[in-house]
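Assemble chain B onto chain A, guided by the hints.
Chains A and B are the protein sequences, given in the same order. Read in order, the letters of the first sequence are residues 1 to 154 in the UniProt record's numbering. Read in order, the letters of the second sequence are residues 1 to 382 in the UniProt record's numbering.
Hints listed in this document are in silico derivations from the structure and should not be mistaken for laboratory results. Just so you know, these numbers come straight off a predicted model, no measurement behind them. Watch out, some of these pointers could steer you wrong.
[To be verified] Part of the chain B face toward chain A, derived, beta carbon under 8 Å:
no., residue
1, R14
2, P17
3, E103
4, H119
5, V121
6, S131
7, L134
8, G154
9, L185
10, L189
11, S190
12, D245
[Unchecked claim] Chain A residues, not near chain B, derived (Cβ > 10 Å throughout):
no., residue
13, K47
14, T59
15, G61
16, C63
17, T68
18, E69
19, R86
20, H88
21, L101
22, Y103
23, Q126
24, R132
25, F137
26, E139
Here a beta-carbon is modelled for each residue, glycine too, at the ideal position from N, C-alpha and C.
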Amino acid sequence: MENKFVQAPFEVDQHITAHSNYFAGKMGSKFYVALRDSKEILGVRCKTCSKVLWPPRETCGRCFSLLTEDDLVKIGPGGSVVSFTRVHYSEPIHPDVDAPLVYAVIQLDGADSGMTHLIGGVDPEQIEIGMRVTPVFIENRNGNILDIVYFKPE
Amino acid sequence: MSDRVAIVGVAQTRFSPKRADANVAELAYEVIEKVLNDTGLSIEKDIDNTISCSHDIWDGQTISNIGITDVAGGHLRTEEKMAMDGSTAAYYGAVGILSGEYECTLLLAHTKMSQTNRHIVNNDAFEPIYSRQLGLDFTSAGALQARRFMHAHGLSREDFARVVMKNLGNAMANPLACRFGYYGLDDVLSAPMEADPLTAMDAAPDVDGAVAMIVASESKAKKITDTPVWIQGLGSCYDDYFLGDRDLAECMALEKAAAQAYKMAGISNPVKDLDLIELSDEFSYQELLWLEGLGVCKPGEGARLTESGFTSREGELPVNPSGGVLSGVPANVMGLNRVAEAALQLMGKAGERQVKDAKRAVAQGHTGFCGQHQCVIVLGNQ
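If we strip away everything but chain A, and leave its shape as in the complex, we get:
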C-alpha cells in the first residue's frame, strides 16, 4: 500500500489588540470627573421609582423616565457586601492585585443597586456578606473604575 503523508493540523497563531477610548456618556462623564477630582461617588435618583441607581444613567430601565444631571446624587462612600467571591486563577485581564482576587457586589449607602468591585486590605477568609466596607482611592486618578483600588473593611 502507498504510504500517505499525514499532515498534522496547522494552527495560525494570532493576537488581536485594539486600543479603545469609549465615551462614558453624559452621566458617566460627571461620575468619572467627580471620582477623579473629588473622590466622590455619584448615583442617579429616579423620582418616579424613588430608586437611586448606580452606575448613573440617562434612562430608568424600569419606568423609562428620562434622568438628567439634576438627578445625580452622592452615594456611599461606605456600603455593605451583598455577595463576594475569591478568584484563585489569574488572567491577564485581572487588575494588578495580590491573589486571591476578591470580587464583591457592594450596596453603597444611599443607593438601591449594587456596585461590583474588588475587596482588599483584609484577610480574604474574614470576608462575609453584610460586612461594612469603604473605598480606598488611588493617589493619581485617571478617571476609570480602578481609581478605586478596592473596598476595605470600615
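For chain B alone, coordinates are given in the frame of chain A:
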C-alpha cells in the same frame, strides 16, 4: 401561515476538549451533512432559511457566520446569525415558520472553545465603562450569584456538588459527552477551587462541538418524518444587565420566559405536565436556580429535589438526563443541545439515556453572565 412547527431532525458532534482536525466550517459541515442525510432533505431544494449561533471572538472574525455560510447554504438564500445562545435559534426558527415566511429552516450552533481563552472572551461581555477593567468573567460573576443564592436559602457547596454528581453520572449513558463518571461528594468538593464557592467541577469544561437541527411547518414535517417533535411553547426575556441591578438569588427573566412558554403550551403545572427537563447548567448552582425559574419548585427547594432523586433519570421529573452542560457542551451551542436532547427523548431516539414514555419536555437556554437572557422552549410528541 403554519399552525404548528416541528423539529424533524437533529445531528450533534461528539463534544471534545479540542477538535484539532476540524475548523469551524468543517465542524459545522459534519452536523449539517448528517442532519440532511438523516432527513433526506436537500439544502438547495428544501431548506428555505438558515439560522446560526456563534461567537465573533471565539471564531476570530466579526459577523462570525460569514465563516460558515458556504456549508450552511447561506450563499443560496437568507442566513441569519444569533449572537446568542443556541436556544434562540430554535426560538426564531419557529417564529419564522409560524409567520408563514418559511417552511423548512436549518438551525446551527457551533463553537470551538479551544481556539482561545474563555475568561478573556467572556470579559468582553462586560461593558467597558464600569465593569470590564475589573477583570470579571462568567465564572467569577457566576460565583457571586452562587454565593448570594446560597445565602438566601442556607444552601451549601454539597447541594451544588450533588447536581454535578447526578449530571456527570447521567453523562455515562451519553456517547457525546466529554466529561462523565460516577463521582462522590468529596471528589467535587476537593476539586481545584476556581472562584469560591465554585470548583472546576462546578463549571462546564471548555469543549469544541456543533449541533444542527431542522424545523419545518406541520404539512412539511409530516412528509419528512414519522416522529415529529412539536414546538408547543416559546418564551424569552432579559433581566437587568448590571449585576448590582439584579437580585442575584432570583431569576425573574426565566420566570417570565417560562410563563410565556407555558401559557402558549397550555401548561399549568410543570411538575405534572412535563416528563423531563433539559436546562443549561453552565455552573452547578444554575440547575437549582433555574428549576425555581421554571416553576418546578419553590425558592431554595431545588437542592432537596436533587438529593431525594426526584430529578434523577429514573425520578419523577428527570432533569438533564443527557448529563447537561456540565458534561461538556460549548458556549453558544449549549441551548441548542438542550433542545436537541429534549427532542431526541421525545422521538424515542435517546439511546441509553432515554427517559421512559417521554411525551412532553422543556428546554432552557441562557445568554450572558448569570443568565441575563433566558429562553424557554416547550416540546411535545403528541
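Legend entry - Hint check against the structure, violated hint numbers in rising order: When the structure is compared with the hints, numbers 1, 2, 3, 5, 8, 9, 10, 11, 15, 19, 20, 21 and 22 turn out to be violated.
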